[in-house]
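Sequence lines, in order, name chains C and S.
Positions 1 to 470 (full-length UniProt numbering) are the ones given, in order, by the first sequence.
Positions 1 to 736 (full-length UniProt numbering) are the ones given, in order, by the second sequence.
Please note: incorrect hints may appear among the correct ones.
What the hints assert, rightly or not - Taking lysine-lysine and the DSS-like style, the derived pairs with C-alpha atoms no more than 30 Å apart in a straight line are:
1) K159(S) to K389(C)
2) K278(S) to K4(C)
3) K575(S) to K456(C)
4) K293(S) to K159(S)
5) K443(S) to K456(C)
6) K256(C) to K173(C)
7) K655(S) to K456(C)
8) K149(S) to K168(S)
9) K287(C) to K287(S)
10) K287(C) to K293(S)
11) K4(C) to K575(S)
12) K415(S) to K4(C)
13) K456(C) to K679(S)
Quick caveat, the hints were computed from the structure, so don't treat them as lab data.
No experiment lies behind these values; they were computed from the predicted model shown.
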Amino acid sequence: MDMKVVPWRLKEDFLYLMSCFYNEGQEGIPDLAALFRGVEIIQAWSTRGRIPHSVESTSQLVSSLISNDRSQKLALAVSISRFVSGLLDPIQQSQYAIPMAVLAKSIDLPTYFVELRHAITHEELPSLPVLRQAAQRALSWLYDHYWNPAATAESEDTYDYTETNELHKFEIKRKVKDLLKQWRSWRKVNVSANMFLPVEEHDYIQQFEALVQELVTTANLRLPYIPASFVDDEKDLDFAIETTNLDIVVSCFLEKRVLIPSRTMPISFFPKLKNVWLPLLQSIASKHSFFLPALFTTLWSEILEISQTVDSLVFLDLKEKEELTDKESAGCYLAKWYAYLMREAYTGQPWTSTLSVTQTDLASVLEICLQRSDPFTKIIIDELSILDKELENKFSPLFQYRSDMFDSRILDEQEFEDITLEQMKTELNKFSVRLNNIEAQADSSTMEFQGHVWYKPSVEPSPIGQIIES
Amino acid sequence: MVKRQRIESSNVPLSAFAVRQLTLSKAARKKDNSSGKKRSVSEEESQDKYEDEMKTEGEFPSYKHTLVQVVVPGVDHRTKLHSESSKNDSEITPDINRSKVNPQEYSEFSVASPQTISPSLPLNLDDETVSENVPHSPQSSNDAIPVIKITEENSFRVKDTLYVGLHKDQKLAMVGTFIFRSVRGKFQLFGATYSSACMSWFPLNAPLAFATPVFSAIDNALPAMQISEYEEDSLNLRSFAVPSYSPKEHEYELEPKDILPNFETVIAFRENENGLSKIARVLPFAKRLFSFKNLLQDASSISNNFEITPESWCSFSNQLLFSTSKSDYVVPRLMVCGPKGSGKSSFSRYITNRLLQQYRHIAYLDLDPGQPEVVPSGHISLYYINSPLQGPVFARMLFPTYMLRLHLGDISPQKDPDHYIACVTRLFAEYKDYIFNQEISQKEIIPLIINCPGWIRGGGAELLSSIVDICQPTEVVYMSREDMKSSHREKKSIYQHKEYMPDFLSSRDEFQLTLLESTWQYLPDPNVNKVTSADNRMLGLLSYLYFNCNLQRWDFTTSLTACQPIATAFKGSSKGIDAVNIIGEPLNVNDVAKTINGTLMALYACDTASLDNSNTQRIVSSPEGIPLIINDGLPLDPNTSHCLGLIVLRTIDLKRNEFHFVGPLNLELIKDAYAKSLKIVLERGRLELPVYAMLDHRLAQYSELPYLDRNHDRVAVGAHRRRVRRNIIRRSTFVG
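Use the sequences and the hints to build the structure in full.
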């Protein structure tokens, strides 16, 4: 599947043009007005760029047939000559010229046209009736060989893309989940098996290798709706996520019974879980350079999402809480994994070579976590703040402050009651003023020059040549 | 026009230039017995010089005669000459390619004469080296340029800066996207000389597949031009240089003299992440352009194609600069013409860089709409340059410069020669105005370089003749693609047609005509790695469209469908677009919206008067309210309008009656235009948007995209667009 630029906006435009020239299923030619309209449309199309030869030829043949003056003979001769050479020239593929009659056979074009073209160019010009009849023949040849096949082929070509996508996603998920399940059940039995022995040594190593390979291949496959003309950029993570199955594969890892326990578990269970999955992660990471980065980014966005939805005022610290909800438990595990991956990458463990974490990255993650008040980001802070002395020193007052906040939250709640409605209103006002200022800045892209307005609208990505109907 | 004698002082020995002239005239005489007046003059002149030279031989008996070749830097002539003579003994006479010149005298000329004439005249010693001095090792033709490799001895790295030391005449080739400056000593880069006196960094983007720039160290004692940070001037030009980088040097507390102390010249390099290397995201074939690991890479082992300046180019420019001191000196108006692919652009770039040694600015009249020096194609323009032109066109940043640009809407003048000539006239008038004002205010008059289109046969020759009439050049350079070395004749060229120099060039006498050779014959194989002109245009267009003017860098990761557009209304009192003009056949106003949507359009500023209704034109409104100029499909009048840039009309919003545009739109220009109470008009020519610019994988889930079709060209006969093949060979037996 590949994309080509065409002069018509949508397929219906193409079909409309066809109906101007040919009466579907009816005898005879369409009325004059329709023919004129067709020629006009092609005139407009031709200013967009080069148009398909058969379309151009149809227009030239038709307009010379409907013209009614002395030059009609010449007009017909030129359009017939161009009709033939336009069809045959591009299929001159060899270095030496192949006779036109031979070429004509290959595309089922009657040799009659080739002879006529020769006569037009080099001999006496054929008579008007002959030319008229030839033009009619050419038009019906074009209908059989171009218009009709093009019109029908295209209607078959369309199918529901969203449906295909969902179906594809579902299939891949099922496949990956099966593979992960296989691994989990095997690993649970052989918890301490060394998975990094030479392949020949044990059968299970071979099976393991095969399983990893299967996962990597699946992740590398392109999504079904991505045409071949999209350039493959091996160096870009976003591109890999957007065009291949990688995203689907990674999302399977973040589900229950994989990197998250099947039911709510205390966080102390993490080392055990890690032991189950680590060899698999390590092996995939060594074979797919985007697996770890993708896992890492997806983990982070999941954590942020959960941290925003959980009400932090109710839920203060994990240690004090007896029962965790499903979501909370999941969030804690994701944070654990995230912190673990980051630590491994930051300390330069060889298996995480595809994931580079700089001091700046670490600092920005810590900064974001410090602005939150949920327990998940706290796990990340607790695990990561010790990694870098410099950062620890820099951020230590903030770490301290954050812990204080956790402890003093209950007191705060009483203070809330003392705040009057007036005070709250003033506070709210202040914020709305600030918000307006920020918005105004963002909107400074509107420019007015002598009454003419140019501005930068905030719009969704849209295809080139979009029309927003009124 | 004043006629000048090219080589005046008779005691000057045969210069390499003269050797080349001699070769040329002999070659020309072989082909064409009725050679023009101009050519025979230069031929006699050269012949005389040559004979003089032969006479003076006897005066230096102590010197063994050495061969002085027509030396091209880096090409191993020993192997070349050897293979030539062995292959084509009969065809080639040794005295054409080699002449006996006394080495001492030769070098004296090279060093001494410019000093006596003009202290600012630079030297290209490295380009004219006597073969003995060039360390050659027998090599295959592929690594013929003796560029050095970066080793631990000649380089050293401090944080992000790489310092490379060069000895005199050593050459270094680098690829990538980087900035550079001279820390010590002087070096040359395609005709421009850089010295440590200038503290600025210069950006250079050098992809593979194009000729790799070669840094060559030159003698520090030689006078050289200074590329300094020019102060703001009347033209409001801004230099390419990046002065803001310079203070960083002191962070490392390095004294320039302590860096690689054993080398005369030290060049500093820094990677410059400007987004260009990501161009493969929008153009698959561009993958090979940056297929190396870092943004700064030693090219000695990965490039097989280096920038070459034929020695004749160098001599020609020396002569041009040399003559400035003469009393009858005229500021040159140099026209460069020749067939397609003969290196017109390369030479124009080279001579511009050389002339910048003498002048603060150069006026550049770019008349080749197919491959202009400033992207995108489809335009001709006049602009003023104050920094050297380095690297391939698409890899140069769009620079804020004074420029008058006119939109042809096509990559060739062929479709509308009348409009083309009108545009040329307008552009040249602009230069004349400038010169006139400079003269009045007694300021420097700047030279003009005219780069012509490569269409030189039939109508092209007529067009060229008109250009000569309009621009009245003082110098005409004809770039010849014909092989001057007969051994190359068998080498199959990508251009199959023979070229003929238009006759009028040699028959007119108001200018000095010089034939120069093209570089491609020096390439190991001209067909390998050649980026076609169509590909080059595509690169140029995409480079233009994806350039972010605010950030001064390229962003190829945000597609045109995803980036933020600029919107303005096409109807109502606050509308930003006053009219739309479509070049070509007159069309039904009902079709306007669908015709222009999603196309590349030129944004024009026009005189109010040019939009008035008249006998020949009127403005009508489409059903959507788009104002359309009905004028029989003619382009806007170049005398009352100028182009502000090229943009893509992405969306027509019928709810708000607005156009949404994407592309590098400079709103300052629009503001200026309104301030001069000009009208803003969109003009649609024939430039096409490549499919890659219309795609985005995020849109792939749409079942149907506007103006795109899946495999339409495979479903039926004649569904392809017209293609013209000009390289079919007709066998007499086959012709029926």
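Going back to the hint list, which numbers does this structure go against? 5 and 11
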